[in-house]
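Colleague: So the sequence lines, in the order shown, correspond to chains D and G.
Oh and the first sequence: position 216 is 215 in numbering that gives the first Met the number 0, straight run, nothing missing.
Oh and the second sequence: position 48 is 47 in numbering that gives the first Met the number 0, straight run, nothing missing.
You may find that some hints are simply not true.
[Claimed, not checked] Some residues of chain G that are not near chain D, with every Cβ distance over 10 Å (derived):
no.	residue
1	A98
2	R109
3	Y218
[Stated by the list, open to error] No farther apart than 30 Å at their CA atoms in a straight line, the calculated lysine-lysine pairs in the BS3-like style are these:
no.	chain 1	residue 1	chain 2	residue 2
4	G	K83	D	K118
5	D	K236	D	K208
6	G	K164	D	K93
7	D	K208	D	K187
[As the list claims (entries may be wrong)] Far from chain D, by Cβ distances over 10 Å, these chain G residues were calculated:
no.	residue
8	T112
9	L147
10	L162
11	M215
12	M239
Just so you know, the hints here were simulated from the structure itself, not pulled from any lab data.
As the structure is a prediction and not an experimental result, all values here were calculated from the model.
Glycine residues also receive a C-beta, built at the ideal position from the N, C-alpha and C atoms.
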Amino acid sequence: MRKIIKSCGLHCIKIHDLGVSFDDKEVLKDINLHIHCGTITALIGRNGAGKSTLIRAIIGEIPHTGEISFRNTEDGKIRDLKMGYVPQSINIEKNTPLDVYDLITSFKYKSPVVFRSKKIEEEIKEALTEFDAADLIHESIGTLSGGQLQRVLLSMAVMDEPNLLLLDEPVSGIDKNGMDLFYEKISKLRDHHDLAVILVSHDLDYVLKYADNVVLMDKTVLSEGSATKVYNSPEFKEVFGEIYNA
Amino acid sequence: MLKDIFQYEFMKNAFLAILCISPLLGLLGTMVVQKRMAYFSDALGHCALTGVAIGVILSLSDLNIAMVIFGWIFALILNRIRRKKLLSSDTVISVLASAGMAVGLAILSRNGTFSNYSAMLVGDVLSIKRSELLWLFILLLFGTGFFLYFLNSLTAMSIHETLAKSSNIRVNLVEDIFSMLIATVVMLSIRWVGILLISALFILPAAASRNISENMREYTAYTIIFSLFSGILGLVLSYMVNIATGPVIVMIAAVIFFGTYIYGKK
Numbered sequence: 000m001r002k003i004i005k006s007c008g009l010h011c012i013k014i015h016d017l018g019v020s021f022d023d024k025e026v027l028k029d030i031n032l033h034i035h036c037g038t039i040t041a042l043i044g045r046n047g048a049g050k051s052t053l054i055r056a057i058i059g060e061i062p063h064t065g066e067i068s069f070r071n072t073e074d075g076k077i078r079d080l081k082m083g084y085v086p087q088s089i090n091i092e093k094n095t096p097l098d099v100y101d102l103i104t105s106f107k108y109k110s111p112v113v114f115r116s117k118k119i120e121e122e123i124k125e126a127l128t129e130f131d132a133a134d135l136i137h138e139s140i141g142t143l144s145g146g147q148l149q150r151v152l153l154s155m156a157v158m159d160e161p162n163l164l165l166l167d168e169p170v171s172g173i174d175k176n177g178m179d180l181f182y183e184k185i186s187k188l189r190d191h192h193d194l195a196v197i198l199v200s201h202d203l204d205y206v207l208k209y210a211d212n213v214v215l216m217d218k219t220v221l222s223e224g225s226a227t228k229v230y231n232s233p234e235f236k237e238v239f240g241e242i243y244n245a
Numbered sequence: 000m001l002k003d004i005f006q007y008e009f010m011k012n013a014f015l016a017i018l019c020i021s022p023l024l025g026l027l028g029t030m031v032v033q034k035r036m037a038y039f040s041d042a043l044g045h046c047a048l049t050g051v052a053i054g055v056i057l058s059l060s061d062l063n064i065a066m067v068i069f070g071w072i073f074a075l076i077l078n079r080i081r082r083k084k085l086l087s088s089d090t091v092i093s094v095l096a097s098a099g100m101a102v103g104l105a106i107l108s109r110n111g112t113f114s115n116y117s118a119m120l121v122g123d124v125l126s127i128k129r130s131e132l133l134w135l136f137i138l139l140l141f142g143t144g145f146f147l148y149f150l151n152s153l154t155a156m157s158i159h160e161t162l163a164k165s166s167n168i169r170v171n172l173v174e175d176i177f178s179m180l181i182a183t184v185v186m187l188s189i190r191w192v193g194i195l196l197i198s199a200l201f202i203l204p205a206a207a208s209r210n211i212s213e214n215m216r217e218y219t220a221y222t223i224i225f226s227l228f229s230g231i232l233g234l235v236l237s238y239m240v241n242i243a244t245g246p247v248i249v250m251i252a253a254v255i256f257f258g259t260y261i262y263g264k265k
């Protein structure tokens with residue numbers, strides 16, 4: 000991502016009556032959300048509440064009912080939504096013969112990954128620089144630490160300037176220091192780019208500190224709003240108990 | 000000495016055939032291994048017999064066409080079942096492969112005529128003719144072209160399917176096309192390579208290459224080098240010691256695998 004744009008707050012991603020069923024089992028229903036650019040929305044809830052399923056439905060991997068639209072509130076036009084995604088983990092073994100260049104090229108470029116291109120390499124390096132990962136470009140991905148891999152995946156997710164960045168439990172396998180760094184980076188992205196972030200998180204402390212909007216889920220939206228509001232709701236206490244008094 | 004070997008027309012033809020088949024199998028093998036489809040290529044090989052059987056029943060003059068079409072159908076059905084995720088992949092593949100092979104064997108062994116087809120089990124590259132070489136060469140060009148075109152998508156899918164979908168890669172379509180490509184190559188080369196050895200030629204060079212490669216360029220290059228080296232050396236050695244060519248090639252590839260494994264550990 001090259002341009003540094005101040006987020007305008009005028010774009011809006013609208014999820015209307017979204018539902019997902021696997022065979023006959025209803026996994027998500029009546030999900031209604033408005034997500035504005037320049038904000039971080041955290042999805043929280045217990046395991047199996049459908050947080051990852053919602054992300055996969057938004058991406059379009061699994062079929063859903065209802066609508067997802069992307070609207071520019073200034074002129075009211077509906078535009079195509081560009082999405083970036085960072086998964087929970089990726090399928091790699093120690094000896095997977097891919098370096099960071101190969102990884103990003105395979106997802107983002109047409110030119111066959113076996114023919115190295117100087118131009119692509121420069122572009123990838125630039126994208127990695129934003130997350131202090133430029134020196135990893137020729138590292139084999141099987142040897143990267145959790146935090147390094149996270150930074151590489153983030154660079155890839157934002158390199159073609161998405162309107163919406165989806166992060167699925169992105170902090171597993173990373174130490175506290177790495178977590179702080181990660182959330183700092185996400186906040187910077189929100190502040191300096193024209194994008195909205197949806198983040199699946201298990202860490203309520205980080206959500207409290209960084210999220211602008213919190214969505215508590217269990218098959219549907221139980222409670223939504225600022226972290227303080229959601230953490231004080233009766234639904235939250237039902238799901239997580241009385242641990243939080245924000 | 001090499002001059003002696005290549006004074007025979009059949010050795011020249013076999014040499015050219017290996018120059019076509021082994022790099023192609025190796026190249027496709029890089030993605031077969033990366034996408035964990037080893038079982039799949041094996042199953043296709045086993046089902047080649049069914050393809051032949053169908054061709055025989057329909058009394059087609061060209062068995063290749065029956066085999067390729069059957070291979071495509073088999074590959075597509077298999078992908079459909081796999082995507083349902085009700086059974087694990089290896090179970091689905093084993094069930095279909097055993098069933099397919101049994102049907103093929105049953106039909107071909109009617110009236111005790113199986114011996115006409117048993118050569119398919121181990122393959123015989125020495126029996127290839129000039130006219131058939133041209134087809135192998137076309138297969139090499141075509142297969143390589145397809146492979147390069149889909150390489151990035153295949154690599155991305157092997158890393159993370161959802162992530163690939165979010166990058167607008169048509170995962171199911173690419174997977175189907177790649178499976179059909181594998182099926183085509185298996186069916187058209189099985190007579191020379193043999194049912195029992197075909198998956199070894201897909202898997203071994205790529206697996207050996209993974210032991211020592213750090214990126215895709217090295218992975219692909221070493222795989223092709225190992226494929227060609229074991230193919231050519233295998234042909235020459237098999238002539239000298241008078242053993243079937245296929246098994247010798249596979250044994251050499253296996254030695255390379257263990258060599259690189261030990262080297263890679265260091």
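Colleague: Compare the structure with each hint and give your call.
Modeller: Hints, verified against the model:
1. A98: Given a closest Cβ separation of 26 Å, the condition holds.
2. R109: Given that every Cβ of chain D is farther than 10 Å from that of R109(G), nearest at about 43 Å, it holds.
3. Y218: Incorrect as stated: the minimum Cβ-Cβ distance to chain D is 4 Å, not above 10 Å.
4. K83(G) / K118(D): At roughly 41 Å apart (the allowed maximum being 30 Å), K118(D) and K83(G) break the hint.
5. K236(D) / K208(D): holds (19 Å)
6. K164(G) / K93(D): Satisfied, since the Cα-Cα distance of roughly 24 Å is no more than 30 Å.
7. K208(D) / K187(D): holds (14 Å)
8. T112: holds (46 Å)
9. L147: Non-interface label on L147(G) violated, nearest chain D Cβ at 5 Å vs cutoff 10 Å.
10. L162: violated (5 Å)
11. M215: violated (4 Å)
12. M239: Per Cβ check, M239(G) is outside 10 Å of chain D; nearest 34 Å; holds.
Of the numbered hints given earlier, the model fails hints 3, 4, 9, 10 and 11; all others are met.
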